[in-house]
Amino acid sequence: MLTLTDVKKTFNAGTINEKHALNGVSLDLDDGDFVTIIGGNGAGKSTTLNAIAGVWPIDSGSIIINGQNVVGMPEYKRARFIGRVFQDPMTGTAATMEIQENLALAKRRGQPRSLKWGITKKEREEFHELLKMLDLGLEDRMSSKVGLLSGGQRQALTLLMATLKKPDILLLDEHTAALDPKTAAKVLELSDRIIAENRLTAMMVTHNMAAAIKHGNRLVMMNNGRIIYDVKGKDKENLTVDILLEKFEQASGQKLDNDRMLFSKNAKE
Amino acid sequence: MDVLVTWLNQFANSLPGNISQGLIWGVLAIGVYITYKILDFPDLSVDGSVTTGAAVCAVMIINGVPVPLAMFFSFISGCLAGLCTGLMNALLGIPGILAGILTQIALYSVNLVIMGKANLPVSVDKYPLFVSSRHTATALGVGTVLPEVLKLLAVVVVIIAVLYWFFGTEYGFTIRATGCNANMSRAQGINTKKSTVVALVLSNGIVGLAGGVMVQYQGSADINMGRGAIVIGLAAVIIGDVLGRVILGKRFNFVARLAFTAVGAIIYFLVLSIVTIIGIPSEYNKLFSAVIVMIFLAVPYLRNTAKTSFRRAARNSVKMTSAGEISAEKGEGNADAD
Ligand SMILES: Nc1ncnc2c1ncn2[C@@H]1O[C@H](COP(=O)(O)OP(=O)(O)OP(=O)(O)O)[C@@H](O)[C@H]1O
Ligand SMILES: [Mg+2]
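Each protein sequence line maps, in turn, to chains S and C. Quick note on numbering that gives the first Met the number 0: the first sequence kicks off at 0 and runs consecutively. Quick note on numbering that gives the first Met the number 0: the second sequence kicks off at 0 and runs consecutively.
Since the hints were derived computationally from the structure, they do not count as laboratory data. As the structure is a prediction and not an experimental result, all values here were calculated from the model. Some clues are possibly wrong.
[As the list claims (entries may be wrong)] Once the Cα atoms are required to be at most 20 Å apart in a straight line, the calculated EDC-like pairs of lysine to aspartate or glutamate come out as:
1. S:Lys106 to S:Glu138
2. S:Lys164 to S:Glu128
3. S:Lys165 to S:Asp29
4. S:Lys164 to S:Asp179
5. C:Lys125 to C:Asp221
6. C:Lys249 to S:Glu97
7. C:Lys36 to C:Glu169
8. S:Lys18 to S:Asp29
9. S:Lys7 to S:Asp27
10. S:Lys181 to S:Asp167
11. C:Lys249 to S:Asp139
12. S:Lys213 to S:Glu236
13. S:Lys106 to S:Asp167
14. C:Lys192 to C:Asp39
15. S:Lys115 to C:Glu169
16. S:Lys144 to C:Asp240
17. C:Lys192 to C:Glu169
18. S:Lys106 to S:Glu196
19. S:Lys120 to C:Glu169
20. S:Lys165 to S:Asp30
21. S:Lys115 to S:Glu125
22. S:Lys231 to S:Asp30
23. S:Lys106 to C:Glu169
24. S:Lys144 to C:Asp221
25. C:Lys36 to S:Glu97
26. S:Lys165 to S:Asp229
27. S:Lys164 to C:Glu169
28. S:Lys121 to C:Glu169
29. S:Lys164 to S:Asp229
30. S:Lys76 to C:Glu169
31. S:Lys165 to C:Glu282
32. S:Lys144 to S:Asp87
33. S:Lys231 to S:Asp29
34. S:Lys131 to S:Asp30
35. S:Lys181 to S:Asp87
[To be verified] Which bits of chain S does chain C cover? Going by a derived footprint, with three or more residues having C-beta under 8 Å, they are:
36. 100-108
37. 115-127
[Stated by the list, open to error] Just the calculated beta-carbon pair ranges, DEER-fashion:
38. C:Val161 to S:Lys76: 22 to 32 Å
39. C:Ala312 to S:Ser143: 29 to 39 Å
40. S:Val70 to C:Ile75: 54 to 64 Å
Think of the CB as a built atom: it goes at the ideal place given N, C-alpha and C, for glycine as much as any other residue.
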């Protein structure tokens, strides 16, 4: 489904701000894999997802989605294969457009846009049913501007938008980090449900080790622009936070001094 | 008292002319609305493209091209101006404001070349013009004036109808999304560079058409007729926006926004005429436009800061401490005191 081979990316090459963000990332995802990605600040998690999404061109390596090398495609063309939810709830939706208009935009992801109506009556009904599933009451506010929604509602909507047209890959970058714990748990559960129901291939970045262990069938740990630990199946199921911490020390040769990761060690969700 | 009556008379007499002017500039302002409000791109090409539209229309009419066709080409010439700004921005990475300024300056030469001289008369006596200010003089009576005003109103209505349709289409959605959130748009598969260019083309096309109507109404094309056009356009957009919000509140939908933009332009010209009637020389017109735009842009900001400003915080803080001291002296320690 998705194969990264030796992907490299350096930001600001040749300046004093030079940063080797990805130092040869290779990863092979099977159809239906749900990978959680952990790692300290600046490890290259977001950069990996951005490389897949095509936010900027990579320096070398290949990214193959569904048998097709997408390295030469700009972001808007790759959108055909990829659904995304971002950390900042503001990023994933158009605030000045209505809820139903946002959904209509998402339904046409990766398709050429014509001069037909941007949203049809049939779609309105379809969206009504879909929004009901979120159980947030949004189905009664379909013509409200998205800017009026709370962060959690916006993330739930973005998630729905990202999966409305079934993506080959779903990329979730700390998409619950900006939400309060209760809402975060809800959005996470919703993600789980949508991924399972649609049998999606997904990558989810999180700072929460417990969540990383609990969700998905595979776990990847990154450090310094490299994948330092990759576990799936039975081994993944038997993981504990302590094992993860130990693995991190072994693989990276350093103590995990990341406050956010230690902090979330004890977090429930 | 007598003065007031004369003023009122003058105002009433100039009403048809000002409404006509307002409708023509309303067309231009609707073009500005597309870039300024929908695309969130402050496009300064307008000063040039309105003159280009006028120049093209004038030269074509003088050379015997049918008036409707000449007006169509003023639209096309405006589109090309917008294309220049758009491509500079999308392909060469030149920031929007600068790209607009460059187009505007370049068009000054282009317009001179098109016109051949700085001022080009197109008299309504010689050509079958679409509209003319000659026909909106109050003295001519309702029978002559009204059809002229209605023709201009029809232009505005048609443009609003077309834009209502366009921005309701799949492609229209992509432009609105691009203006609102370019990152999200790309993630939804929208080529944001392309939609930016398309919006600039459409906007300047409408501005060019406004120029084509304007040149006929005024009876001549002038190389400087577009100077400050963007400010008048913005004034109309902003006045219309404030007014629409107040009058329609939640029902201030897309059609209403465009309609109120034209209303904003009319109000602008009515106010301008009042300013002229009370005796302020026309040299001050542009100063006046700038001040109107400044005031309308400043009001929302100032209203906001009036509620939460550092100065206010300091004042409240001082009040609190002095109140605290007083109550401490009295030995009451009233925490609830305001
Ligand atoms: N667009 C960019 N320009 C310059 N440097 C960048 C850019 N994007 C990322 N970086 C740098 O690349 C490194 C990896 O960043 P990345 O955002 O992938 O980290 P991360 O693993 O997602 O960390 P976090 O947990 O803080 O989100 C960082 O040093 C970051 O500063
Ligand atoms: Mg990140």
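Going through the hints against the structure:
1. S:Lys106 to S:Glu138: Satisfied, since the Cα-Cα distance of roughly 17 Å is no more than 20 Å.
2. S:Lys164 to S:Glu128: Answer holds: Lys164 (chain S) to Glu128 (chain S) is near 15 Å, not above 20 Å.
3. S:Lys165 to S:Asp29: 16 Å, holds
4. S:Lys164 to S:Asp179: The given pair, whose Cα atoms are some 28 Å apart, is violated under the 20 Å limit.
5. C:Lys125 to C:Asp221: 18 Å, holds
6. C:Lys249 to S:Glu97: The given pair, whose Cα atoms are some 14 Å apart, holds under the 20 Å limit.
7. C:Lys36 to C:Glu169: 19 Å, holds
8. S:Lys18 to S:Asp29: Violated - the C-alpha atoms of Asp29 (chain S) and Lys18 (chain S) are around 31 Å apart, more than 20 Å.
9. S:Lys7 to S:Asp27: Since the Cα atoms of Lys7 (chain S) and Asp27 (chain S) sit roughly 16 Å apart, the hinted pair holds (cutoff 20 Å).
10. S:Lys181 to S:Asp167: 29 Å, violated
11. C:Lys249 to S:Asp139: 17 Å, holds
12. S:Lys213 to S:Glu236: 8 Å, holds
13. S:Lys106 to S:Asp167: With a Cα-Cα distance of about 14 Å, the restraint between Lys106 (chain S) and Asp167 (chain S) holds, given a limit of 20 Å.
14. C:Lys192 to C:Asp39: 13 Å, holds
15. S:Lys115 to C:Glu169: 6 Å, holds
16. S:Lys144 to C:Asp240: 18 Å, holds
17. C:Lys192 to C:Glu169: 16 Å, holds
18. S:Lys106 to S:Glu196: 18 Å, holds
19. S:Lys120 to C:Glu169: 14 Å, holds
20. S:Lys165 to S:Asp30: Since the Cα atoms of Lys165 (chain S) and Asp30 (chain S) sit roughly 13 Å apart, the hinted pair holds (cutoff 20 Å).
21. S:Lys115 to S:Glu125: Within the cut-off at roughly 18 Å; holds.
22. S:Lys231 to S:Asp30: 14 Å, holds
23. S:Lys106 to C:Glu169: Holds, at about 11 Å.
24. S:Lys144 to C:Asp221: Violated - the C-alpha atoms of Asp221 (chain C) and Lys144 (chain S) are around 44 Å apart, more than 20 Å.
25. C:Lys36 to S:Glu97: Holds: Lys36 (chain C) and Glu97 (chain S) sit about 16 Å apart, inside 20 Å.
26. S:Lys165 to S:Asp229: 26 Å, violated
27. S:Lys164 to C:Glu169: Status holds; Cα separation ~16 Å.
28. S:Lys121 to C:Glu169: 15 Å, holds
29. S:Lys164 to S:Asp229: Answer violated: Lys164 (chain S) to Asp229 (chain S) is near 29 Å, above 20 Å.
30. S:Lys76 to C:Glu169: Holds, at roughly 17 Å.
31. S:Lys165 to C:Glu282: 62 Å, violated
32. S:Lys144 to S:Asp87: 18 Å, holds
33. S:Lys231 to S:Asp29: 11 Å, holds
34. S:Lys131 to S:Asp30: Status violated; Cα separation ~29 Å.
35. S:Lys181 to S:Asp87: Holds, at about 17 Å.
36. 100-108: holds (count 6)
37. 115-127: holds (count 4)
38. C:Val161 to S:Lys76: 22 to 32 Å: Once the Cβ atoms are compared, 30 Å apart, the range 22 to 32 Å for Lys76 (chain S) and Val161 (chain C) holds.
39. C:Ala312 to S:Ser143: 29 to 39 Å: Holds, at about 33 Å.
40. S:Val70 to C:Ile75: 54 to 64 Å: Because 39 Å falls outside the window, the suggested range is violated.
When the structure is compared with the earlier hints, violations turn up for hints 4, 8, 10, 24, 26, 29, 31, 34, 40 and for no others.
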